[in-house]
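Chemist: Now for the letters of each chain:
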Amino acid sequence: MKTDALINAIAADGATRSPSLPLRMTLALAIGGLAAAALYAIDLGIRPDIGEALQTWRFLSKLGMVLVGCGTALWATARLTRPFAKPRKVLRALALPAILLVVAVGLELAVSPVNAWGARAIGTNAVLCLTSIPVLALAPLAALLVALRAGAPASPAISGATAGLLAGALAATLYALHCFDDSPLFVALWYIPAIAAVALAGAVVGGRVLRW
Amino acid sequence: MTDRESRWAGLMRAALAGDTGSYHRLLQEIAPALRALASRGLARHKPGGEDVEDVVQETLLALHLKRHTWDERQPFSPWLYAIARNKLIDNLRRRGRQAHVPIEEIGELPSEADSPRELNGIDAAHLIGRLKGRERKIVVAISIEGASAREVAERLNMTEGAVRVALHRALRALAEAFRTELP
Chain Y
2 MKTDALINAI
12 AADGATRSPS
22 LPLRMTLALA
32 IGGLAAAALY
42 AIDLGIRPDI
52 GEALQTWRFL
62 SKLGMVLVGC
72 GTALWATARL
82 TRPFAKPRKV
92 LRALALPAIL
102 LVVAVGLELA
112 VSPVNAWGAR
122 AIGTNAVLCL
132 TSIPVLALAP
142 LAALLVALRA
152 GAPASPAISG
162 ATAGLLAGAL
172 AATLYALHCF
182 DDSPLFVALW
192 YIPAIAAVAL
202 AGAVVGGRVL
212 RW
Chain G
4 MTDRESRWAG
14 LMRAALAGDT
24 GSYHRLLQEI
34 APALRALASR
44 GLARHKPGGE
54 DVEDVVQETL
64 LALHLKRHTW
74 DERQPFSPWL
84 YAIARNKLID
94 NLRRRGRQAH
104 VPIEEIGELP
114 SEADSPRELN
124 GIDAAHLIGR
134 LKGRERKIVV
144 AISIEGASAR
154 EVAERLNMTE
164 GAVRVALHRA
174 LRALAEAFRT
184 ELP
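Chain order of the listed sequences is Y and G.
The first sequence begins at 2 in the working numbering and counts up one residue at a time.
The second sequence begins at 4 in the working numbering and counts up one residue at a time.
Hints were generated in silico from the structure; no laboratory data involved.
There are no misleading hints in this set.
In silico DSS-like links for lysine-lysine, alpha-carbon gap of 27 Å or less:
no.: 1; chain 1: Y; residue 1: K3; chain 2: G; residue 2: K135
no.: 2; chain 1: Y; residue 1: K3; chain 2: G; residue 2: K49
no.: 3; chain 1: G; residue 1: K140; chain 2: Y; residue 2: K3
The following label-pair restraints were derived from C-beta to C-beta distances:
no.: 4; chain 1: Y; residue 1: A42; chain 2: G; residue 2: I147; range: 51 to 61 Å
no.: 5; chain 1: G; residue 1: R137; chain 2: Y; residue 2: V128; range: 55 to 65 Å
no.: 6; chain 1: G; residue 1: R16; chain 2: Y; residue 2: R89; range: 23 to 33 Å
no.: 7; chain 1: G; residue 1: R182; chain 2: Y; residue 2: L68; range: 33 to 43 Å
no.: 8; chain 1: Y; residue 1: L108; chain 2: G; residue 2: E75; range: 43 to 53 Å
Derived list of chain Y stretches under chain G, where covered just means 3 residues or more per stretch with a C-beta under 8 Å from a C-beta of chain G:
no.: 9; region: 9 to 19
no.: 10; region: 78 to 88
no.: 11; region: 149 to 158
Each residue gets a CB set at the ideal place from its N, CA and C atoms; glycine is no exception.
Using the sequences and the hints, build the whole thing.
Modeler: Right, dumping it as structure tokens:
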């Protein structure tokens, strides 16, 4: 087929409305988020002492970090829908939540007695954390990957990974409102691997379904 | 170069606003540049003319289906170039060739002057042949005969909307087939 002919066909299709990535991502976050929230409400739920918790620096730092993680991952995911966004440059933004975590961990080590570090790090329910975050992240991740199929990422795997980070951070935000382990040491030891696992899943699945 | 950049960006903006005439002009203008680019990108592998044309066609399709990923506030050429590079890499990978296409190797989009003559792309023809009856008639009428959607609708006793939907679906199927079915 001559290219001229193909051009005729493409131009004739030019008036077709193109997808809107912002709209698709918003819908994905809304639908995926609602599904995760519903599951959360049934299974976990917000901790009953949330009022007191919000007055402690540890809880606030935990919540703050996961929220910053959400914001950073959202920005990165949105950027990486374009074909030439250099993944490495965009990924540098992830340094922000990482720095916050390092600062929080440093603060905790400074204010806590050494013999409390271990208990704070291991916490009371690490297994629940490790399992809940990926499970809660499933619906948001699936919805995001569907939405992102309208994108043209330079690297489908990296794009999938940032979607996984976003889904994981969202799930972690929900979980953070439930769990009683507020120490930054706990966050570093358990939240991070849980979120990383979701990011890995996003990279593997995204590497396939986000190809264009 | 900047003249061309601003002309293409202007045409693309008009195209995104629904001006199919500008869109047609833009596609005609960038095809030779894409051809030279593909030629240079594939040169190491001694491609036939059809190989080059396949990359050009796949790039034009990708440009069309992903046109909403261009940020209108940013220059047009780097975006076009990124799409072209991606499709070139896909093409190389599919043919089992090493797909290392450093950004520096391609450089700026070349001018029309050093572009080889256009040939048929064999893959698109093959893929069109796989479309079902009415879809194929629509695509053939619009692409080869240059008929408008309205004319085709009258001819085939369909609504114009239905013709447009069928065309769009066919283009998406074409892009998908490039990616998955070719050797």
